[in-house]
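Spelled out, the chains give:
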Amino acid sequence: MTRPHGLLRAGYPYSTTLGMRRVTNFPTDIAFGENDILYVLLRSEGVASVRIWSTEDMDELTDELKGFGSFGSEDGQLKWPVNIITDDSGGIFISDEANHRITKYDQEGNYISKFGTYGDGQGEFNGPSGFALDIDNNFIVCDSKNNRIQKYTKSGDYISSFGTYGSGLGQFNLPWGLDCDENGNIYVCDWGNHRIQIFSSDGELINVFGEYGDGTAQLNRPTGITVDNHGDIYVADWGNNRVLMFNSEGQYIWSFYGDATLSKVARNYMLTNAVPNRLREMGKLEAEKYLRRPRSVRIDSDFRLFIPDFESYRIQVYQKDFIELDETQFAEPLRNPTLEVT
Amino acid sequence: MKSDRKLVAHLMRRAGFGATPKELDELTSSKSYEEIVEDLINPEKFDPIDMSYVERYYTGEPVAVHVGKWLYRMANTKRPLEEKMSLFLHHIFPVAWGKSEHGPSLYREIEMFRNTGLTNFKNILLNLSKDPAMLFWLDNNENHKDEINENYGRELLELFSMGVGNYTEDDIKNASRAFTGWTFRQPLSLYPYGHHHADFEFISDDHDYDEKEFLGQVGNFDGEDIIDIIVKEEAAANFLSRHLYNFFVEDEVQVPSWETVDPKDPQAIKELSTAYMESEGNMRNVLSTLFNSDFFKNSMNLPKVKSPTELIVGVIKQTGEFNSPTPGIHEFAVTTLNGSAFEGPLAIMGQRLMNPPTVEGWHTGSEWIDSGTLSERIGFVEKQFADPLKPGVSEMVSRIGSLNDNPAELVDRCLDLLGAVNVREETYKSLKTYAEELRELETSAGVHNLIQMTASTVDYQFA
Numbered sequence: 000m001t002r003p004h005g006l007l008r009a010g011y012p013y014s015t016t017l018g019m020r021r022v023t024n025f026p027t028d029i030a031f032g033e034n035d036i037l038y039v040l041l042r043s044e045g046v047a048s049v050r051i052w053s054t055e056d057m058d059e060l061t062d063e064l065k066g067f068g069s070f071g072s073e074d075g076q077l078k079w080p081v082n083i084i085t086d087d088s089g090g091i092f093i094s095d096e097a098n099h100r101i102t103k104y105d106q107e108g109n110y111i112s113k114f115g116t117y118g119d120g121q122g123e124f125n126g127p128s129g130f131a132l133d134i135d136n137n138f139i140v141c142d143s144k145n146n147r148i149q150k151y152t153k154s155g156d157y158i159s160s161f162g163t164y165g166s167g168l169g170q171f172n173l174p175w176g177l178d179c180d181e182n183g184n185i186y187v188c189d190w191g192n193h194r195i196q197i198f199s200s201d202g203e204l205i206n207v208f209g210e211y212g213d214g215t216a217q218l219n220r221p222t223g224i225t226v227d228n229h230g231d232i233y234v235a236d237w238g239n240n241r242v243l244m245f246n247s248e249g250q251y252i253w254s255f256y257g258d259a260t261l262s263k264v265a266r267n268y269m270l271t272n273a274v275p276n277r278l279r280e281m282g283k284l285e286a287e288k289y290l291r292r293p294r295s296v297r298i299d300s301d302f303r304l305f306i307p308d309f310e311s312y313r314i315q316v317y318q319k320d321f322i323e324l325d326e327t328q329f330a331e332p333l334r335n336p337t338l339e340v341t
Numbered sequence: 000m001k002s003d004r005k006l007v008a009h010l011m012r013r014a015g016f017g018a019t020p021k022e023l024d025e026l027t028s029s030k031s032y033e034e035i036v037e038d039l040i041n042p043e044k045f046d047p048i049d050m051s052y053v054e055r056y057y058t059g060e061p062v063a064v065h066v067g068k069w070l071y072r073m074a075n076t077k078r079p080l081e082e083k084m085s086l087f088l089h090h091i092f093p094v095a096w097g098k099s100e101h102g103p104s105l106y107r108e109i110e111m112f113r114n115t116g117l118t119n120f121k122n123i124l125l126n127l128s129k130d131p132a133m134l135f136w137l138d139n140n141e142n143h144k145d146e147i148n149e150n151y152g153r154e155l156l157e158l159f160s161m162g163v164g165n166y167t168e169d170d171i172k173n174a175s176r177a178f179t180g181w182t183f184r185q186p187l188s189l190y191p192y193g194h195h196h197a198d199f200e201f202i203s204d205d206h207d208y209d210e211k212e213f214l215g216q217v218g219n220f221d222g223e224d225i226i227d228i229i230v231k232e233e234a235a236a237n238f239l240s241r242h243l244y245n246f247f248v249e250d251e252v253q254v255p256s257w258e259t260v261d262p263k264d265p266q267a268i269k270e271l272s273t274a275y276m277e278s279e280g281n282m283r284n285v286l287s288t289l290f291n292s293d294f295f296k297n298s299m300n301l302p303k304v305k306s307p308t309e310l311i312v313g314v315i316k317q318t319g320e321f322n323s324p325t326p327g328i329h330e331f332a333v334t335t336l337n338g339s340a341f342e343g344p345l346a347i348m349g350q351r352l353m354n355p356p357t358v359e360g361w362h363t364g365s366e367w368i369d370s371g372t373l374s375e376r377i378g379f380v381e382k383q384f385a386d387p388l389k390p391g392v393s394e395m396v397s398r399i400g401s402l403n404d405n406p407a408e409l410v411d412r413c414l415d416l417l418g419a420v421n422v423r424e425e426t427y428k429s430l431k432t433y434a435e436e437l438r439e440l441e442t443s444a445g446v447h448n449l450i451q452m453t454a455s456t457v458d459y460q461f462a
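Chains R and S, in that order, are what the protein sequence lines are.
Per numbering that gives the first Met the number 0, residue 0 is the first one in the first sequence, and the count goes up by one each step.
Per numbering that gives the first Met the number 0, residue 0 is the first one in the second sequence, and the count goes up by one each step.
Watch out, some of these pointers could steer you wrong.
As the list claims (entries may be wrong) - Across the chosen pairs, the derived CB separations fall in these ranges:
#: 1; chain 1: R; residue 1: A286; chain 2: S; residue 2: S339; range: 27 to 33 Å
#: 2; chain 1: S; residue 1: K21; chain 2: R; residue 2: L168; range: 57 to 63 Å
#: 3; chain 1: S; residue 1: P387; chain 2: R; residue 2: G120; range: 18 to 24 Å
#: 4; chain 1: R; residue 1: Q121; chain 2: S; residue 2: E33; range: 48 to 54 Å
#: 5; chain 1: S; residue 1: G364; chain 2: R; residue 2: T215; range: 53 to 59 Å
#: 6; chain 1: R; residue 1: D135; chain 2: S; residue 2: P387; range: 43 to 49 Å
None of these hints come from the bench; they were simulated from the model.
C-beta atoms are modelled at their ideal positions from N, C-alpha and C, and glycine is treated no differently.
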């Protein structure tokens, strides 16, 4: 896919809210399946599983909930899952920073295989967190507590690694989220250094942006990252309770603080709960819309932005609204700012 | 050595949760005892624990998760007295999750204790009186100017500041009137999107602005005025001093008996009360007086049973299992009250943190111990030291020496590595005999057995 020359950005209207407490507790990440299916990865102390949910949400809360996975260390079980991704053939993969492995499931959630063992040797893991498949269908994995990025074949054979502990360029401090773009570049949330680092597929540093703070374009413990087909970069700014968006050059564009409405399932649930409805009336209801500690952000092929709203047990969804521009519609980059009337 | 190792170990057990052998090496070689006390009462000299690092890994809604995070802080903080004072205030101002089931209020209250514990008594009581968890626990949210609820006013005087015998029923009524309108803004409901915290709110229209008489003084008092009057009372100084003595120095009788049973060491209470009155309730001055006193230094052999929290945190600090976030710490705090099918060790030993049994809190000292809890305590310690690969245990094994060494020296080193533990003479003899018997074993397995056995003695249960 070729990136457009430029974008006419028309806004990021809020689309919908999915899930609620009881069905999507502590969503740490999501992945997209076929037929509008979402795999929502749930994680809290002593609880870890995947909820199979729909982008249409659910009309009424029932006990017939679909999902898979349970807390533990046996094959197929999860302890501290971080990321979930899917591949073109329906495989589901989950990283687990306590079990030090990546596990594969089929579309129904049946355990297929795993790879990874604890250690700091070549190919070993200490806290694997963010990971993605690159253009060659290799796994690129944040080996978080070893402060490096490792590359594996799809079957889990070690290929290469780069990175060491530190705050210098190309170094890491407990890296967390990771994504790859269609050019093979690797985007890493350098969590402890409050920045994003972008590398070529060979591990060569291409760009760095972000610094500690809560101001515009500043970051506080970035956790999740995703890149869309325009090259726009979305970062879950965990410590600041927001998602920031940067263009492909790393220039700040937009912030998402949360605009949650009542999901379909929540509306129906609340209709039969008189006391909570009164309490919501007495409280500061506006607070309910904001993001709380987002750990991940994902965007689908229709440019719908999904933010697992970790401490609010739901997913907030925005729609990227844009028109792709050609050379005649989008000027070349300007070296200097201008005050000319245009 | 700049300070005595046994004395420093004693200080670190009481003012914190014990010290590892490495910490004791560093402290005793670089600082005098007085300098260590100065560091303890001035925690801002040291970086706070990075909670973003902790919360990256430990997540979840149940109270057990938040207690787990607190245990992690206690074991890993560089500011041990800050956490110990949070625990102290939780002991004497107990609020239980069970009444509201509103977790955020509970752990924000502990944070408030952490922030105020080393300030002064007035500030502590003022923050306590504005704390949503306490306001709900003792019904001050139902204390209206046209319908007085005396629950908080009564406990403020009886259990939180002066003790029975130092005020009248009229004082309770008038204190309660002064706290009318002290409530909290309704937090959003748990459903559909999870808990939100509550904030203190003063509702002026609901406050009784009329004249009141309290402890012999007359005025248009509000809650802060009441606290101002209380903290200047000698009774408040004595009451707090006796609590501090019981928590840090020696097991006392329980609070309900204080009206009729004299303090075990009246001179110590007098010294602490004097420090309190001279410093206007400054906790750092009072604690500095306590830890530098002869009565504290001489209390090494006085009975002081570790609370379940002190025991568990002391053990995990020494084994090093949770030196960095590792799954499982919340399991120590799981209780059936939170919907679990089983009880964790804290609950079995009788201390559900953030879930004390009554407004009186936990009965301490020898009341921690019965045949069931003693068995759980010893079993817990034995189990925690069973894995020789845990970093703290592994380091002890490497430092202890050879089984062919003199058994007495071997036992001495073992006691020292476990935090300069004091043991009775009969325990010491038994350990020496055991050390001799272990000579048949391979060294690392043998010394590991000796460590495990020493930690499993009844003597280890004392702070």
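Hints versus structure:
1. R:A286 / S:S339: 27 to 33 Å: Since the Cβ atoms of A286 (chain R) and S339 (chain S) sit about 30 Å apart, the hinted range of 27 to 33 Å holds.
2. S:K21 / R:L168: 57 to 63 Å: Distance hint for K21 (chain S), L168 (chain R) is violated at roughly 34 Å.
3. S:P387 / R:G120: 18 to 24 Å: holds (23 Å)
4. R:Q121 / S:E33: 48 to 54 Å: Given a distance of about 51 Å, which is inside 48 to 54 Å, the answer is holds.
5. S:G364 / R:T215: 53 to 59 Å: Holds, since G364 (chain S) and T215 (chain R) (Cβ atoms, about 56 Å apart) stay within the stated range.
6. R:D135 / S:P387: 43 to 49 Å: holds (44 Å)
When each numbered hint is compared with the structure, a violation occurs for hint 2 only.
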